[in-house]
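J.: Residue numbers (the numbering used here), protein chains in the order written: chain A, 41 to 288; chain B, 77 to 332.
Because the hints were derived from the structure by calculation, they are not lab data. Some hints could be false.
[Claimed, not checked] Computed Cβ-Cβ distance ranges for the label pairs, DEER-style: (1) B:128 - A:281: 57 to 67 Å; (2) A:60 - B:183: 21 to 31 Å; (3) A:255 - B:144: 28 to 38 Å; (4) B:243 - A:205: 29 to 39 Å.
Note that the coordinates shown come from a computational prediction; the quantities given were computed from them, not determined experimentally. Note that the Cβ used here is the ideal one computed from N, Cα and C, for glycine as well.
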Amino acid sequence: MYKALHRVGEYTLLMKKSITLPDRWNMFFKQLIREIYKLGVDSLWIVIIISIFIGTVIAIQISLNISSPLIPKFTIGYTTREIILLEFSSSIMCLILAGKVGSNIASEIGTMRVTEQIDAIEIMGVNSANYLIFPKITGLMLFIPVLVIFSMFTGILGGIAASYLAKDGMTPASFEYGLQFYFNSFYIWYSIIKSIIYAFIISSIAAYFGYYVKGGALEVGKASTNAVVMSSVMILLADVILTHLMLT
Amino acid sequence: MIEVKNITKTFDGRIVLNNISALFEDGKANLIIGRSGSGKTVLIKNIIGLMTPDSGEILYDGRNFLNMSKSDLKLLRREMGMLFQGSALFDSMTVLENVMFPLDVFSKDSARERRKRAEFCLDRVNLSDSGHLYPSEISGGMMKRAAIARAIALQPKYLFCDEPNSGLDPKTSLIIDDLIYSITKEYKMTTVINTHDMNSVMNIGDNIIFIKEGIMEWQGDKHQVITSNNKALNDFIFASDLFRKVKEMENNQEEG
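The shape of chain A in the complex, shown without the other chains (with noise of 0.2 Å):
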């Protein structure tokens, strides 16, 4: 219990060293291009092969449970459309991306804390949290909806190549009109609201987690891992919170 709670004010207090106003405009620019292309783009193709995927296979899933002639045909893409909107876009896609996108923010700042490197710029005289950490939440939170946009997007014309594929049961027609039916545009800024949340959560916990390490290269993989398992438990804490909050 202390240890929770002592890490708890650790990273309270990491994050307030972290989001202040950067001393060099230019160089936070710099770094934030830098980590969007890293964090963000970088992560694009994952992202679409994914939701493409899983776009496609929930269709097909679902088509193959509704056997029964009370139920219409555009139920399939009714229902693949809010699965991809309202969950598996911003919260699965986002549990994906910590394991990415996480354990490559711990595992570098925690590679350069035990390699000195955060101490070089600390002796410099440089706020080495704002100037490592700051870039990377903002980085996420500005590239992270766009991920989640495309995820959207690409899973859906998942959704609809099974529709083309499939043999019996739904057809493309039937589909198109389930994506359309009773489509609520809320959904996609409680999607994307959700994904801001976790995109913070990602980057600050995997920060927080490479920033403490002490020893080696050993204990930069465990701080890695750590910080995958946490930022999932937390996403998933904020997904009911969120969703209680948000559509209830």
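Guided by the hints, dock chain B onto chain A, whose structure is given.
T.: Chain B only, in chain A's frame:
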């Protein structure tokens, strides 16, 4: 000049530095020597502010480092350069970008002038052709030289080196020692070097502080090391046969 007064540092009740006082003079290579675990690194980390001592004072030309305002501390940081044991070059930047980093942070010069200064520093350490390479693409000795170039980019008044020769072959160690020494004389810096390399002690030890188990055991220069009667110092310095024979020869010459 850096003055350390009655510095004490403990970790979980264990005394690592015990009431250490020392003077590090301008234009000299001031060496802190001692066995592994004697408190050398803790002392240098306290002097540069990576750790805070439990008690005592650290004076940079009379300015109390521990009671400084944030703005004064920032100004002082501009006057400090540091060479880390593992070089601590930023992996994601080229050698030139590494040297430019402190200039980007502190200098108000134009980008072209900053680049020119960084190239000058790289030239000073004979790395003018390696600016475009990443730290992973250069040797250990080159990394140390690049780190020296970064440390002197802002023409610091104080240079700190934490075991600059660790992991280097004897010849490269000599090159690094000579480079640090010549830069110290050239810029009249107060250079503090943390080492247990005996070649460095004999070559560049203008002012040597010997620490044993957190206590300052002895202070002198490279000539006094040879003739010292301090048992703990002699056990440390002349642990190898080679250095013992050198000491015997020096003593015989003096007697003869």
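J.: With reference to the structure, classify each hint as holding or not holding.
T.: Structure-based check of all given hints:
no.: 1; hint: B:128 - A:281: 57 to 67 Å; result: 39 Å, violated
no.: 2; hint: A:60 - B:183: 21 to 31 Å; result: 22 Å, holds
no.: 3; hint: A:255 - B:144: 28 to 38 Å; result: 31 Å, holds
no.: 4; hint: B:243 - A:205: 29 to 39 Å; result: 60 Å, violated
Consistency with the previously given hints fails for numbers 1, 4, ordered from lowest to highest.
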